[in-house]
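J.: One letter stands for each residue in the lines below.
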Amino acid sequence: MKYKLELIKNKRKIIGFSTVLILLSLLGIFYSTFNTSYKKPINLGMDFVGGNELRIERVCEEECSNFSPDSVLEKLREISKNKNVLNNIKLQFQNNNKLISIRTPYLSIEESNNLINNLDNIVGPLNYESKDSRLIGPKLGKRLLTNCVTSLLVSLFAISLYITIRFDKKYALFALLALFHDLVIVFGIFSWLGVILSVEVNSLFAVSLLTIAGYSVNDTVVIFDRIRENLKLKNEGYNETIQLSVNESFRRTTFTSITTLFPLLSIILFGSYSLFWFSLALSLGIIVGSYSSILLAPSLLLKDKA
Amino acid sequence: MKRRQGWLFFILFLFTLSVYLLINYPLQLGLDLKGGSQLTLQIIKEEGKVTRDELEAVNSVIDKRVNNLGVSESNLQTLGGDQLILELPGEQNPLVASRVLGKTALLEFRTQKKGTSTDLKTLQLQRLNIKELIEQYSSAEKSQNDDNFLKVIQDDLKEKEQELNYTSTSKDLYEKLIEIKKYVDKEITNLFIKTDLSGKDLINAGRRQEQTNNNWEVLLTFSNSGGEKFAEITKSIAGTNQLLAIVLDGESISEASVGSQFANTGITGGSATISGNFSAENARELEVQLKGGSLPLPIEIVETNTIGALLGSNNILKSLYAAISGLIFVGIFMIFNYRILGFVSVLSLVLYGFFNLALYSLIPVTLTLPGISGLILSIGMAVDANILIFERIREELYDGNTLTRSIDSGFQRANSSIVDGHITTLLSCFVLFLLGTNFVKGFAATLGIGVLISLFTSLNCSKTILRFFTTYQSLRQKNLYLPRNNFSN
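Those protein sequence lines, which keep their order, are chains A and B. Residue numbers for the first sequence follow the working numbering, so the first one is 93 and each next one is one higher. Residue numbers for the second sequence follow the working numbering, so the first one is 463 and each next one is one higher.
There is no bait here: all hints are sound.
Think about it this way: if two alpha-carbon atoms lie no more than 25 Å apart in a straight line, the pair counts; the simulated DSS-like pairs of lysine-lysine are:
(1) 234/A <-> 132/A
(2) 903/B <-> 780/B
(3) 565/B <-> 643/B
(4) 511/B <-> 234/A
(5) 583/B <-> 643/B
(6) 223/A <-> 903/B
(7) 575/B <-> 648/B
(8) 656/B <-> 565/B
(9) 697/B <-> 656/B
(10) 507/B <-> 565/B
(11) 753/B <-> 644/B
(12) 496/B <-> 223/A
(13) 903/B <-> 234/A
(14) 231/A <-> 507/B
(15) 190/A <-> 496/B
(16) 644/B <-> 507/B
(17) 231/A <-> 511/B
(18) 511/B <-> 565/B
(19) 262/A <-> 324/A
(20) 182/A <-> 131/A
(21) 575/B <-> 644/B
(22) 648/B <-> 620/B
(23) 223/A <-> 780/B
(24) 662/B <-> 697/B
(25) 691/B <-> 662/B
(26) 103/A <-> 395/A
(27) 576/B <-> 656/B
(28) 575/B <-> 691/B
(29) 190/A <-> 780/B
(30) 526/B <-> 507/B
(31) 234/A <-> 507/B
(32) 613/B <-> 167/A
(33) 903/B <-> 231/A
(34) 231/A <-> 565/B
(35) 644/B <-> 656/B
(36) 575/B <-> 697/B
Simulated from the structure, these hints should not be mistaken for laboratory data. No experiment lies behind these values; they were computed from the predicted model shown.
Could you put together the complete structure from these sequences and hints?
T.: Encoded structure:
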């Protein structure tokens with residue numbers, strides 16, 4: 093029989109490729125921890141460290157006048173009597189100078205309101221109907237972080253328990269290995285994104301990791317299901333049966349990934365800005381997850397012929 | 463045959479019911495979709511955990527205060543045992559809410575210790591000076607360029623600190639002034655002795671403008687026993703030099719003398735007035751705090767989210783585009799690859815969408831941005847089940863089975879994979895829902911509901927529709943179910 097996917101032949105290549113991906117991810121995580129200003133494995137956003145994020149549109153007749161962020165910051169400092177509010181402030185103009193986005197460390201509601209009023213004086217008028225402002229206290233941020241880490245651990249535990257009960261230990265172990273592989277790679281990609289593009293992760297990133305975990309196991313389980321069924325039905329060799337099962341499930345797995353990627357792509361293209369990185373993380377997770385379910389996890393099941 | 467028809471009618475019935483529900487019970491939109499403010503309040507307790515009773519007490523006080531503020535459609539929920547989430551729909555400025563909510567509003571009445579008159583007078587004078595400084599600061603802030611003036615205030619402040627033998631710790635000048643004022647208010651409170659009359663004896667609070675000037679005063683109405691206590695206290699100090707202090711959260715906000723005409727009976731009638739140079743806004747805030755009662759534990763606002771109404775409706779539009787284009791992409795892909803089967807899956811996806819939304823309005827689930835992304839993502843997962851089934855049906859067809867048999871065993875054999883896959887996703891949703899924050903919960907809820915409904919629509923609706931289709935002879939040709947380029951695995 094002719095296989096589209098030659099697992100047995102390519103076992104070493106597949107495992108080697110995954111090892112390289114994992115190492116690159118770990119490198120990103122180490123680099124981020126030791127060589128960046130935030131000294132964390134991943135660039136934690138204000139959900140986890142607290143802070144103030146403000147996005148507001150300007151009201152412009154036709155074209156919004158051009159301001160340099162530095163000059164605006166300078167004026168803000170002149171106007172505001174509370175100088176330390178303006179430390180570590182990041183200000184950007186986006187969307188043809190129309191959208192102002194600002195990040196500062198945690199401010200009280202009063203301080204935040206003052207900041208907006210001052211901005212209105214400098215670059216205004218502003219359209220308050222288009223305001224998007226978030227303030228998160230540092231304590232809450234810490235708590236959110238612990239919450240996210242706990243939910244990740246608990247759900248990983250629950251998933252491993254379920255597949256151990258449903259399959260035998262060996263299958264469970266490899267399904268979990270594939271799962272960790274996917275999570276580490278997505279985490280690593282975002283570590284690199286943090287290092288290179290200062291992309292920050294928020295609580296939706298934790299959600300995406302959890303969803304990826306569920307999705308990745310789902311994918312692997314379907315293939316393992318098929319392997320188990322075929323091992324009972326077919327009279328071919330162990331390795332051949334695994335290869336056959338993967339090829340039988342190949343269309344299903346790729347089609348499923350594609351149909352899940354379509355809606356995510358729509359969110360990336362048309363959805364709200366706040367969901368952009370979330371959808372991207374999910375998309376990456378689904379791509380890596382499909383790869384690991386089709387190629388990596390079954391390859392791990394293959395026996396080396398002595 | 464009868465049973466199949468039964469299912470078909472049941473599905474049609476569910477569909478009609480969903481449409482009915484959606485028309486009559488509109489979906490609840492989260493603040494990120496309609497605009498408004500959301501505040502997360504943290505209850506602060508130095509030692510031990512916040513008990514259920516304390517949580518409920520805080521909840522009811524905040525609830526009363528919000529209602530007294532006159533915000534319509536506000537919504538208050540507890541979160542995680544020691545947090546509250548307050549939603550103020552519409553473009554609300556969280557500033558007012560924050561001022562009113564954050565205060566404990568513990569109201570006390572205290573009588574002056576003997577022999578403290580000189581100290582009190584000095585402190586009162588200091589307080590007056592600081593108040594003036596604060597006013598000067600505000601006007602300087604408004605005119606914006608008066609740096610010299612601020613320098614003067616700063617120097618005055620230093621002088622005050624020396625006189626009071628107290629150094630402020632705040633960094634900002636305005637905060638320094640407020641801190642000094644609080645310090646003086648507390649020092650004044652220390653010259654007074656507690657009585658047994660407190661905010662608990664209040665039954666109402668109100669406010670009115672003073673007739674002589676523009677200032678406002680706050681009116682207090684005591685309960686019967688409170689009125690008696692008040693009469694007794696005023697009687698005991700009437701005509702003496704001792705003053706009566708009204709203390710809010712440990713800071714004296716007003717000190718009053720009681721005239722000698724009350725020496726016999728005290729002030730009766732069960733009401734009192736606090737006139738302490740209140741602005742209209744301050745008087746209203748105090749009124750709201752007193753009406754709502756005092757908080758058993760202090761709270762802190764740890765998170766605020768404000769989203770403008772325009773942005774909210776933009777978010778809805780964007781999500782709608784994303785959801786519809788996602789569905790169209792998926793639909794085209796499915797019909798292209800699976801032909802008749804694909805068409806069946808599109809029908810069952812549409813049903814899936816309607817069932818989901820109807821359930822949201824029934825439960826009810828408040829729809830937020832992450833919630834919508836959960837819904838959109840669950841479309842992908844719902845299609846997955848269909849693909850699993852269709853691939854199995856095709857295999858059966860390749861093996862030379864009849865259409866009916868292939869369909870039946872296709873569904874049967876895909877069953878275990880579908881259930882396994884859905885359960886792992888459900889597990890994640892369950893954990894997310896239990897441990898997640900507000901936003902995360904929305905995502906977990908919609909994804910979880912989606913996964914459950916997907917079990918029904920993919921296993922049942924797709925099957926019923928498919929069987930209905932195959933009752934027509936023209937739709938029974940095998941090649942309509944196989945890919946155009948008929949390759950074999």
